[in-house]
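Participant: Please work from the sequences and hints to get the whole structure.
Counted the way the numbering used here counts, the sequence shown spans residues 705 to 834.
Possibly wrong hints are sitting among the right ones.
Below, computed lysine-lysine pairings styled on DSS-like, alpha-carbon distance capped at 25 Å [claimed, not checked]:
| hint | residue 1 | residue 2 |
| --- | --- | --- |
| 1 | Lys745 | Lys712 |
| 2 | Lys736 | Lys717 |
| 3 | Lys712 | Lys768 |
| 4 | Lys768 | Lys799 |
| 5 | Lys712 | Lys787 |
| 6 | Lys787 | Lys799 |
Just so you know, the hints here were simulated from the structure itself, not pulled from any lab data.
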Amino acid sequence: MRGIDAMKRHLGKPEIIKLRNEDGTYDEIEMKPLTMEHFPKLCSLFSALEVDSLDKIDDSEMLKMFTEENVRLMTELIYESLKQAYPDSDEEVLKRFIAVNFFDLMGALFTVNLPQIENTKVRRKRFKKK
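Facilitator: Put into structure tokens, the structure is as follows:
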């Protein structure tokens, strides 16, 4: 049981997205890391976007990233991340929410899931034979 408890402590931390209301207050929305079933699509997206870290995404390259396929994949993965955090949420509300807040959610998708990619890359480099 200790192993399972240890695994539960390392499931990834959610990303909190703060959205400003008209009255100046903020709502907080949680986005959770994707599950194993979505990991191949996540890796495919990062590969297609050629994303190694958030620091490497600049404004001049941003538009090149928005192919129809990449946007479809991003919206699908954003939907799944939000569904992890809010499993009882209404599908239509989620879809409209994603459409209105796409760019904030896209950043959160990268932030909440990139540590998984970067940790793997770091481990490969550390144990690579020279």
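Participant: All hints, please: hold or fail.
Facilitator: Here is what the structure says about each hint:
For the given pair, Lys745 sits about 23 Å from Lys712 by alpha-carbon distance, which is consistent with the 25 Å threshold. Among the hinted pairs, Lys736 with Lys717 is consistent with the structure: their alpha-carbon atoms are about 7 Å apart, no more than 25 Å. Of the pairs offered as hints, the one joining Lys712 and Lys768 is violated, with about 38 Å between alpha carbons and a cut-off of 25 Å exceeded. A distance of roughly 24 Å separates the Cα atoms of Lys768 and Lys799; the hinted pair therefore holds under the 25 Å criterion.
For the hint linking Lys712 to Lys787, the alpha-carbon distance of about 19 Å falls within 25 Å, and the restraint holds. Restraint check: the Cα-Cα separation between Lys787 and Lys799 comes to about 11 Å, which is no more than 25 Å; the hinted pair holds.
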